[in-house]
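**Student:** Using the sequences and the hints, build the whole thing.
Residue numbers (this note's numbering), protein chains in the order written: chain C, 680 to 1055; chain Y, 44 to 655.
Hints in this document: simulated from the structure, not taken from any laboratory.
If a hint is listed, it holds; no wrong ones were tucked in.
Straight-line Cα separation of at most 20 Å, SDA-like style, residue types lysine to any residue; simulated pairs:
1. Y:K98 with C:G931
2. C:K1050 with Y:L61
3. Y:K98 with C:Y928
4. C:K930 with Y:Y84
5. C:K930 with Y:A94
6. Y:K98 with C:I927
7. Y:K576 with Y:S563
8. C:K930 with Y:H92
9. Y:K98 with C:L933
10. C:K824 with Y:L59
11. C:K930 with Y:V79
12. C:K824 with Y:R58
13. Y:K98 with C:G934
14. C:K824 with Y:V54
15. C:K930 with Y:V87
16. Y:K98 with C:I916
The primary structure of each chain is shown beneath.
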Amino acid sequence: MKTENRHEHFEPPSLLGNLLRSLHIDIPLFIGLVLAALLSFIILYSAAGQEMAVLYRQAARIGLAFALMAALAHVNPNQFKQYSTILFSFGIILLLAVLVMGEIGKGAQRWLDLGFFRFQPSEMIKLTTPMMVARYLSEHRLPPKTGQLLIASGLILLPTLLIAKQPDLGTAILVASSGAGVLFFAGLSWAFIAAIIAALASLTPIIWHFMHGYQRDRVLTFLNPEADPLGRGYHIIQSKIAIGSGGIYGKGWLGSTQSELEFLPESSTDFIFAVFAEEFGLFGCVGLLLLYLLIIARCLHIASQAQDTYCRLLASSLAFTFFVYVFVNIGMVIGVLPVVGVPLPLISYGGTSIVTLLAGFGILMSIHTHKKRLSR
Amino acid sequence: MSNSFNIKNNVFENRLFLNRIVAAFITIIVLASGLVVRLVYLQVVGHEHYASLAKDNSIKIVPLVPTRGMIYDRKGKILAENRSSYSLELTPEQMPDVDGTLKRLQKLLDIPDETIETYQKQRRRQKQFTSSPLLIGLNELELAKFAVVRPYFPGVDIRTRLVRHYPYGEITSHVVGYVGRISETELKDLPVAEYRGSSHIGKLGIESSYENALHGKTGYAEIETNVQARPLNTLSETMATPGSDLHLTLDIDLQKTAYDALENYNGAVVAIDIKTGGVLVFVSRPGFDPNPFVVGIDNATYQSLQNSDNQPLFNRALRGLYPPGSTVKPFIALAGLEYNTISAQQKLFCPGYYQLPGASHKYRDWKRGGHGSVNLNQAITESCDVYFYRLASMLGIDNLHEFLQKFGFGEKTGIDLLGEKSGILPSREWKQQQKNRAWYPGDTLITGIGQGYHQVTPLQLARATATLANRGNIVTPFLVDRLVTAQVSQPGPEIHQGVIPLKPENLNNVIEGMVNVVHSQRGTAKGINRGLKYIIAGKTGTAQVMGIKQNARYNENEIDFKYRDHALFIAFAPADNPQIAVAVIAENGGHGGSVAAPIAGAVIKQYLSEQP
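**Tutor:** Next up, the structure:
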């Protein structure tokens, strides 16, 4: 780390370097994200039945997301740290508001209608939860002590449960893992990690008890999709057929019959990976995974270079959460995890998830580009 | 950066964090590798399996349903046709809200609750992603109403279906039959491949008996479809072969005449072309309108048909069993002559009753006081019961049975219709087997006048009459004259031919008696002989429905209609060159001469007037 710092310190100043520094954009990460966005257009064109209107809407969303990323990259990470508590509290209040309105509206509600646009507080919580936990833990010596762990766990569980109640299992998992990521990178002892895993395993029947009927169905379906091939197992079976029929080299771009002929449900949103796998085969899938791994590696690199505890914890947690996104989505599409509503990051159509994701990358870039030049 | 940061940012914390970064990255690599392993399993190991599943998904073999053959009468008039009809079809999987859509449709098109209920029941049995009709036979107004709002009803479509239609309705219901939806039990016995895509099958009559020929051969198309089974692209096609058109021997105008002539009587009329065996008239009255059965009859209507006292669903001509009554007498007389039991001139005395030797029971004649001395000719003409009691007694049941069997009594005629009854021609063996009783001499007596155990179908009676008219050359009735496809015309069923050896003078004697039935002053059917340019040979009959007690008198006007005697009449004409044989049964008609004979007379008159 010292050598890295020294290397950067001795880099001769150049016009381009200055320009980039003033933009606060991390070029390797930026290239990775742009590649992913381009892939998104390519797959979406095929998955959405070659409808340009879908691409325009996605382009608008991605444009907005990149703008937000650039804006956040300009913010000094200290500001994030400073406002963590306020942003987190605000998010929790919004979640409660959504819940109350949902009660009134007698149904699941995830949106807050602000008149001019609809806002999904759970998206914001995906960022503010790791910010909050990182902020709390960074104020103490690492690794965290038991008491701090309990408080941190409370900070994670509160939004997680509120979102799970909406019910939005996918987002709840992402929020929980973003908080858990912070704990992990803060040095949570391995024994503790093992204990948590054991506790979760033993809690399974209780969790089962509190699950909604449709959530139970999903788990049962995951365990045996062929039991109800035309009903609940349909997604998984069709998705496996699409992926498996793609083979090693795939059927080529626009060559997917399963999504083209509408056999594959939600082919442009949560199940877009199946279309990708059908058209680009094993090579394409491995390539996509490599792109994701490179983005994650760059994020972890940024985390390792971060200058204070808050930045490190936040950056590493964001990187980790990004992987959870990838893993949960691909895992469910290829039938190794139950179906939960998690999109394929940067590729899936729609949702505010892409905006949140790029906001996260904006924070990462901010962390990387606002380092003090420490002369030692 | 604050001071606290610098203090805490020690080497230990740095190392811990870097360790965690490495641990996390290793975990990520391991989990990602797990995904890759699974992908290899799906895309390399399972590729072939999933590729074939994918193909199954998108390529469907769609049956091309053949057009059902038409049914024509002997003059080419249409008896069964396929009409295109508009139906409102629903595919529940394409509908966002089935119940809501049904409600809106109900409001829009004024659909009765009952129809909705039936549809809901039917929907549960329906295959996924197939459409089924909610309404069949939409009219112009309904079509227009729906067309306007169609975009607001996803999953609801107007389709054209070919619907079987029977223009003559109840007149032909028992002979042409009808098609109906294939039932689950029928499905089990059907060749699955041939009926994939067919919704209807012949249920009755010609429609059922000639199902194979009428149905045609199902074709197939390989079609690329999307998930809603909506066809996108046809890959290959094997056209369906339409069913054969059937040309019947039936004369629909004659059929109508016979049906109308029965008026309010339940009964049957069968007329046969003697030269060929072709059935000209095959009436069972009352009939029923077969058209509702095609689209799916509602339960109330079906129950009312099923429970009606008149039994409109019962094919009397084919399955109705009646005592032949006196119509059997010409055959008994012929037996007496053929077995040399009696001569044509020999007279027997009729005092109005007959007693078996040593028995007190009186077998009565229909004519109180009797016919006096009568010979064979007079006995047939006046239908003298005592003459035939005595003749039967002289012949014995064994001879009677042997002789009557030659004319097809007690066995199926072999007509090309399914479900024919064979009737009963009693014998010693039959009674022993069926009743576990010995044959009594009294049984023979009443067999001699067509009462007792002897039971015939109207078709059998017509056939026996035709065979008699054909001078012993056995006539086998059939309905389908030829089966016509675009390429070939095939004859109908193969006809059994045989000859009953009969002496011509014996035949002439019997036929002369039958001619006198119509044409002599004492004939029991003399009412129909007015203005005839040809000679009809006939025989009346009256079949008892209710047993009459000894010494009791049968008074037609005092008893319930349903216990009145059945009126029968058999005839053929012209007697010197027989062309048409007719058998008529009018249930509870009373007298064969006054009720049944005019019906036969009308049929014969119309048929012969059209012959060259």
